[in-house]
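Number of protein chains: 2
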Amino acid sequence: MEKVRRNERLSAMMKILSDSPNHIFTLSTFCDMFGSAKSTTSEDIDILRIVVKEFGLGEIETVTGAAGGVMFRAQVEKSAAREYIQGLCDQLSGTARVLPGGFLYYSDILSHPVITRKMGEILATEYYDTEPDFVLTMETKGIPVALTTANALGVPLVIARHSSKVYEGSAVNINYVSGSSGSIQTMSLARRAVQEGQHCLIVDDFLKGGGTAKGMVDLMHEFGVEVVGTAFVMATTQPQRKRIAGEKSLMLLDVTTNADDTQTAIVRPAAWLK
Amino acid sequence: MEKVRRNERLSAMMKILSDSPNHIFTLSTFCDMFGSAKSTTSEDIDILRIVVKEFGLGEIETVTGAAGGVMFRAQVEKSAAREYIQGLCDQLSGTARVLPGGFLYYSDILSHPVITRKMGEILATEYYDTEPDFVLTMETKGIPVALTTANALGVPLVIARHSSKVYEGSAVNINYVSGSSGSIQTMSLARRAVQEGQHCLIVDDFLKGGGTAKGMVDLMHEFGVEVVGTAFVMATTQPQRKRIAGEKSLMLLDVTTNADDTQTAIVRPAAWLK
Chain F
892 MEKVRRNERL
902 SAMMKILSDS
912 PNHIFTLSTF
922 CDMFGSAKST
932 TSEDIDILRI
942 VVKEFGLGEI
952 ETVTGAAGGV
962 MFRAQVEKSA
972 AREYIQGLCD
982 QLSGTARVLP
992 GGFLYYSDIL
1002 SHPVITRKMG
1012 EILATEYYDT
1022 EPDFVLTMET
1032 KGIPVALTTA
1042 NALGVPLVIA
1052 RHSSKVYEGS
1062 AVNINYVSGS
1072 SGSIQTMSLA
1082 RRAVQEGQHC
1092 LIVDDFLKGG
1102 GTAKGMVDLM
1112 HEFGVEVVGT
1122 AFVMATTQPQ
1132 RKRIAGEKSL
1142 MLLDVTTNAD
1152 DTQTAIVRPA
1162 AWLK
Chain D
892 MEKVRRNERL
902 SAMMKILSDS
912 PNHIFTLSTF
922 CDMFGSAKST
932 TSEDIDILRI
942 VVKEFGLGEI
952 ETVTGAAGGV
962 MFRAQVEKSA
972 AREYIQGLCD
982 QLSGTARVLP
992 GGFLYYSDIL
1002 SHPVITRKMG
1012 EILATEYYDT
1022 EPDFVLTMET
1032 KGIPVALTTA
1042 NALGVPLVIA
1052 RHSSKVYEGS
1062 AVNINYVSGS
1072 SGSIQTMSLA
1082 RRAVQEGQHC
1092 LIVDDFLKGG
1102 GTAKGMVDLM
1112 HEFGVEVVGT
1122 AFVMATTQPQ
1132 RKRIAGEKSL
1142 MLLDVTTNAD
1152 DTQTAIVRPA
1162 AWLK
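Protein chains in written order, with the working numbering: chain F, 892 to 1165; chain D, 892 to 1165.
Chain F on its own, in the form it takes in the complex:
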């Protein structure tokens, strides 16, 4: 095998590591790939660690021990996260996106690949330490950001449905009370989707009363799964009291009615981003 230069090794390693975030690669993987010595590979990693830090691209971490190696984490610094979310808030605030009934149109934000990737990285940064085994979301609008969060955490995504489908196999159904409307709804999850004893991070697009979120927590209890956190793209400031506690939302939404009966959305970054 022809010798691969450091230049080439570093850029290939950067791509491979960042394509599988939070996944430990052994040094030997790269030694074999590039035909280089362990000491050389270690030096390569030291350089990469400095580069990602310097350009705010994330973090390269070395894990010691028998199952050790190196991994990339899409760690977003608090100040960069706040600035990014502030930019989204500026886009969403105002009258243009308010729909009849005081709803806010932000489906485009919720399904944009670049925006959801960044939002997923910001959420993952907060939950790396909780080491979830999977991310759970409830169909439909939260799926993209739940996927990008799962990607950053290096874990699978599990999607709960409104009803059980023939192509999901036997399922656990629960009923829950919608926090805002008070109506009874159903949530369903395939039996084989998760295993007892696992740890789960809940990610969804919107938190108002917290009924759906509470439903997801209850669903996980049915499966004997521990919920390590609940995260949302947007939460309303009203009602202040939600059916769940300890959640982290990226943005807070207030809709005020003006004198001329139009409505204005005021969207701001959540307090924990300050």
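Hint data in this document are derived by calculation from the structure and do not stem from the laboratory. Hints may be right or wrong, so weigh each one.
When chains are identical, the list treats them as one kind, so a pair holds in a single copy or across two.
With a straight-line Cα cutoff of 20 Å, these simulated SDA-like cross-link-like pairs (lysine to any residue) come out [stated by the list, open to error]:
{"id": "1", "residue 1": "Lys944", "residue 2": "Ile907"}
{"id": "2", "residue 1": "Lys1056", "residue 2": "Thr1127"}
{"id": "3", "residue 1": "Lys944", "residue 2": "Asn898"}
{"id": "4", "residue 1": "Lys1099", "residue 2": "Tyr1058"}
{"id": "5", "residue 1": "Lys1139", "residue 2": "Gly1088"}
{"id": "6", "residue 1": "Lys1056", "residue 2": "Glu1030"}
{"id": "7", "residue 1": "Lys1139", "residue 2": "Ala928"}
{"id": "8", "residue 1": "Lys944", "residue 2": "Asp910"}
{"id": "9", "residue 1": "Lys1056", "residue 2": "Thr1077"}
{"id": "10", "residue 1": "Lys944", "residue 2": "Arg1082"}
{"id": "11", "residue 1": "Lys1056", "residue 2": "Gln1154"}
{"id": "12", "residue 1": "Lys1139", "residue 2": "Glu899"}
{"id": "13", "residue 1": "Lys969", "residue 2": "Thr917"}
{"id": "14", "residue 1": "Lys1139", "residue 2": "Thr1127"}
Given chain F, work out where chain D should sit, using these hints.
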């Protein structure tokens, strides 16, 4: 600004380019970022081009002209694509995943971040030339792979719903006939989600009769949008005649009933991957 070494520049550029696939960066962006000359940056790009090619990580392309620059494409070679899809087919084939009614359980595959990224890259490779403005999918199961395809193509994702929702604003609803069951269903898309004259790539998880796919094509016609392609994760071999034509699926599914009344799934890569 301290001078950034080539080592460092290359790995940072690799990460930045691959984080925004199919997006053109001007040379000046990188010159400004690293304080390096245009000629130096050009050399950097030449090195990166060779690296990604050599390690099968995609392609770095230079675009000439006024709006020119450099971009990364997650181009997957046909042989690598076939091998990857064959691996998935091996996982899905057999009796373990067949559900009552001959349905195949593969929701875990459809929502796994790493698998959907690779599938999205394979699909994007086929449709780079068609230059879609967005990817359209129908809720729910196709959303992750539609998102990763949109990400690879560097375009937004648009999600059609089964019914119009208050938080989507005014919407266009169409009725369509389900290809497999023959029942009438509704599909809805927010008016502001797409614009007349745009080009759209349809991506979904499953193609049987093609009724839903045909519905999506009709929906796009309602919006004055041209459909440049239809792509699916899985297509059934029966019925052979679908309500749409020219589709590309990654996998083909056959379910056979055995003498003991159990059912076996035979999943294989589609012919165009050969």
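Hints and how they fare:
For the homomeric pair Lys944 and Ile907, the shortest alpha-carbon distances inside one copy (17 Å) and between copies (13 Å) are both at most 20 Å. For the identical chains of this complex, Lys1056 and Thr1127 are inter-copy neighbours only, at 18 Å across copies versus 31 Å inside a copy, given an alpha-carbon limit of 20 Å. In this assembly of identical chains, the alpha carbons of Lys944 and Asn898 lie at most 20 Å apart whether taken from the same copy (18 Å) or from different copies (14 Å). Taking identical chains as interchangeable, the C-alpha atoms of Lys1099 and Tyr1058 lie at most 20 Å apart only when they sit on different chains, with a minimum of 13 Å there against 31 Å within one chain.
Proximity of Lys1139 to Gly1088 under the C-alpha cut-off of 20 Å is found in neither arrangement, the shortest distances being 23 Å within a copy and 40 Å between copies. For a Cα distance limit of 20 Å, the shortest separation of Lys1056 from Glu1030 qualifies both inside one copy, at 13 Å, and across copies, at 13 Å. In this assembly of identical chains, Lys1139 and Ala928 lie within 20 Å of each other by CA distance neither inside one copy nor across copies; the values are 44 Å within and 44 Å between. Taking the shortest alpha-carbon separations for Lys944 and Asp910, both the intra-copy value of 17 Å and the inter-copy value of 16 Å come in at or below 20 Å.
Taking the closest pair of Cα atoms, Lys1056 and Thr1077 come within 20 Å of each other both inside a single copy (13 Å) and across two copies (18 Å). Taking identical chains as interchangeable, the C-alpha atoms of Lys944 and Arg1082 are never at most 20 Å apart, the minima being 42 Å within one chain and 42 Å between chains. In the homo-oligomer, the alpha carbons of Lys1056 and Gln1154 lie at most 20 Å apart only across protomers (19 Å), although the nearest pairing inside one protomer, at 39 Å, exceeds that limit. Taking identical chains as interchangeable, the C-alpha atoms of Lys1139 and Glu899 are never at most 20 Å apart, the minima being 40 Å within one chain and 35 Å between chains.
When the C-alpha separation of Lys969 and Thr917 is checked against a cutoff of 20 Å, the pair qualifies neither within a copy, at 29 Å, nor between copies, at 28 Å. In this assembly of identical chains, the alpha carbons of Lys1139 and Thr1127 lie at most 20 Å apart only when taken from the same copy (12 Å versus 42 Å across copies).
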